[in-house]
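Participant: Spelled out from the first residue to the last, the chains are:
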Amino acid sequence: MRTLKLTGQVVALAAVAGLLGLLVWRLTHQAQAPKIGAQAPVFSLKRVDASGTLDLASLRGKPVVLNFWASWCGPCKGEAKMLEAAWQQYRARGVVFLGVDYHDVTGDARRFLDRHNITYPTVQDGSGKIADRYGVSAVPETYFIDRRGRLVGEHIMGTVVHQRDAFQRGVEAALRP
Amino acid sequence: MIVRVAAVAAAALTLAGPAAAACAKPHTSLTALEGEIMCPTCHTTLDQSDSAAARRIEHFIQVRIDQCATESDIKADLVRNFGAGILAAPPRKGFDLLAWWLPLGGLAVGAVVLAFGVWRWSRARGPDDEPELDPDTERQLDDLLARLD
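Taken in sequence, the protein lines are chains A and B. The first sequence begins at 1 in the working numbering and counts up by one. The second sequence begins at 1001 in the working numbering and counts up by one.
Do not take every clue at face value.
[Stated by the list, open to error] With a cut-off of at most 27 Å between alpha-carbon atoms, the simulated DSSO-like pairs for lysine-lysine come out as follows:
| no. | chain 1 | residue 1 | chain 2 | residue 2 |
| --- | --- | --- | --- | --- |
| 1 | A | LYS35 | A | LYS5 |
| 2 | A | LYS46 | A | LYS77 |
| 3 | B | LYS1093 | A | LYS46 |
| 4 | A | LYS129 | B | LYS1093 |
| 5 | A | LYS5 | A | LYS129 |
| 6 | A | LYS46 | A | LYS62 |
Derived by calculation from the structure, the hints in this document are not laboratory data.
Start from the sequences, fold in the hints, and give me the full structure.
Facilitator: And the structure:
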């Protein structure tokens, strides 16, 4: 009987320790938005505009404008034209624009790209895991990544249309050697 | 007259389009699925959300229902797009089965522990050690009670 009691106590203690360990692991592994100057979280996501995947690490050495959007997002429609125009303006200087379609249906995303004549590469983050790693709270949000893969400039929350100066500064910061 | 006939024909064609597109015998309904699918941006089920993302997903579901897709087809499409987190309940297969069986296992273990505890407690009370009356005393007590009546 004493052995049984001891076994019960050990099992209960192990269960409590396990739950405590799980809590500590969860707290220490919670996604935290990277700060400006920190390395941008890398990812490899399925492309929406073409077949295959695109790896952010493969763009190392190039300034990147990373725009999170969704087809159901009203302000994203409003900024699509400006982003495409900016891409046409800056691509000659080596800047890569990369759209990240967030929590969206692939068909809707493709229709959005067609409707707004978006020609820069776009990947799909259907589960929103990558957006979580960047700390995206709502779309649209835009980040700037320099040649060394660091986040630079200001992180633009909301449409870039109303934050043209910040957008300009972000692209220039990303272009800086 | 020709204009009127043309207008009626155009109206008929306009109405016939969506009618032909809809499934004659849908396998499921939007109402049935709304409570089983999560809105990815608001973390509630679709029936409790009015966000733009939820409305787009509802539209997607309705289009698939109109194409005669089954409930499992629609869920598979959504999981492909949004990941397994789009489902309100975890799938009943693979590692996700744990989410179903662990609570039941916990309940079963709890019931066993409780039953064992009750059994031990009842045994710990021991036999009833109240002394019985000897026959003489019992007879005297009966006599006394009889006199009182």
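Participant: Evaluate each hint against the coordinates.
Facilitator: Hint check results:
1. A:LYS35 x A:LYS5: violated (52 Å)
2. A:LYS46 x A:LYS77: holds (22 Å)
3. B:LYS1093 x A:LYS46: Holds, at roughly 25 Å.
4. A:LYS129 x B:LYS1093: With a Cα-Cα distance of about 23 Å, the restraint between LYS129 (chain A) and LYS1093 (chain B) holds, given a limit of 27 Å.
5. A:LYS5 x A:LYS129: violated (45 Å)
6. A:LYS46 x A:LYS62: holds (20 Å)
Of the hints listed earlier, those the structure fails to meet are numbers 1, 5, in rising order.
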